[in-house]
Amino acid sequence: MTGCGAKQGDTKQSGGTKYKFATDAAYAPMEFMDKDKVSGFDIDFLGEVMKEAGLPYEIVNTGWDTMLTSVQQGKEYQGGIASVSITDDRKQSYDYSAPYFESTNMILVKEGSPIKSALDLKDKKVAVQISTTADILMTKILGADNKSLKRLDNNTLGLMELDSNGVDAFVADIAIVREYVKNNPNKKFVVISDPQNFVSEYYGILLPKGSELKAKLDPAIKKVIENGAYAKVYKKWFGQEPDTKKLLEQK
0 MTGCGAKQGD
10 TKQSGGTKYK
20 FATDAAYAPM
30 EFMDKDKVSG
40 FDIDFLGEVM
50 KEAGLPYEIV
60 NTGWDTMLTS
70 VQQGKEYQGG
80 IASVSITDDR
90 KQSYDYSAPY
100 FESTNMILVK
110 EGSPIKSALD
120 LKDKKVAVQI
130 STTADILMTK
140 ILGADNKSLK
150 RLDNNTLGLM
160 ELDSNGVDAF
170 VADIAIVREY
180 VKNNPNKKFV
190 VISDPQNFVS
200 EYYGILLPKG
210 SELKAKLDPA
220 IKKVIENGAY
230 AKVYKKWFGQ
240 EPDTKKLLEQ
250 K
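Those letters in the sequence shown? Residues 0 to 250, by numbering that gives the first Met the number 0.
Just to be clear, a hint being listed does not mean it is correct.
Capping the alpha-carbon separation at 27 Å, the derived lysine-lysine pairs in DSS-like fashion look like this [to be verified]:
(1) Lys-181 to Lys-149
(2) Lys-181 to Lys-231
(3) Lys-123 to Lys-181
Okay, the calculated beta carbon distance ranges per label pair [said to hold, decoys possible]:
(4) Asp-64 to Val-198: 22 to 28 Å
(5) Ser-192 to Gly-238: 17 to 23 Å
(6) Thr-243 to Pro-194: 19 to 25 Å
(7) Thr-68 to Lys-234: 32 to 38 Å
By construction, these hints were calculated from the structure, which means they are not laboratory data. Glycine included, every Cβ here is placed at the ideal spot set by N, Cα and C.
Hey, can you work out the whole structure from these sequences and the hints?
Below, the structure is given as structure tokens:
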């Protein structure tokens, strides 16, 4: 699923610094491997941004933990894009681009489950991807040392755990949960939203602290959102219009 090492990229102009971005291509439809190519919403969006900014780049599928570590170091990779939520905790270690996507975490259970909200998960077995906001949210609800919280390397493993009855619920970003349900209509899964306990969050391009790239990306992101290129990519992957007004209001 991860296919580490796959590279791709394009450029609007030749010459200059070629920026390297890391990703974790296990988040369909946001980023995933399509044979030997990294594909998805984030990948198309980054392509539009880098084209608008006129910057040569390449994107490499490194996996989640490697992405976080290497971007923080800021040596081999100058950025990371993999549905990375902007959090105050991460801001201590990273800079972010302007927000480009609104998301929220969702609960996935099997049909007939008594679970109706996040608080119903307190005495249940729950799978999340480690170091994600789903992990942070469920750690607060279940407790850091709770063995019923299964922190896995990727969302695919979490979905497999739910499918095989290894857990009672799986928690992840809305795009991942909805995509899985859409592609598996016969499995009779139920998606639960809980806006009271799972508030909206925003994705940003992950950058090393003090990155000079932020000043180049932010105007390009704003332009891509305003000129319709963002809506075109969004409709391609989600089949509906994005709320760009709300997105542009974010700081």
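**OP:** Could you tell me whether the CB distance from Asp-64 to Val-198 stays inside 22 to 28 Å?
**Re:** Hint holds: Cβ distance 26 Å, inside 22 to 28 Å.
Original post:
Is 32 to 38 Å a correct range for the gap between the Cβ atoms of Thr-68 and Lys-234?
Top reply: holds, 34 Å
**OP:** Please test the hint of 19 to 25 Å on the beta carbon pair from Thr-243 and Pro-194.
**Re:** Holds: the Cβ-Cβ distance is about 21 Å, inside 19 to 25 Å.
**OP:** Measure nothing beyond the straight line between the CA atoms of Lys-181 and Lys-231; if it is 27 Å or shorter, mark the hint as holding.
**Re:** Distance ~21 Å between Lys-181 and Lys-231 Cα, so the pair holds.
Original post:
Taken at face value, is the distance from the CA of Lys-181 to the CA of Lys-123 at most 27 Å?
Top reply: Measuring from Cα to Cα gives roughly 25 Å; hence the hint holds.
Subject >> Given pair status - Lys-149, Lys-181, alpha carbons within 27 Å >> reply: Distance ~24 Å between Lys-181 and Lys-149 Cα, so the pair holds.
**OP:** Using the beta carbons of Ser-192 and Gly-238, state whether their distance is inside 17 to 23 Å or not.
**Re:** At roughly 19 Å between Cβ atoms, Gly-238 and Ser-192 fall inside 17 to 23 Å, so the hint holds.
Of the numbered hints listed earlier, not one is contradicted by the structure.
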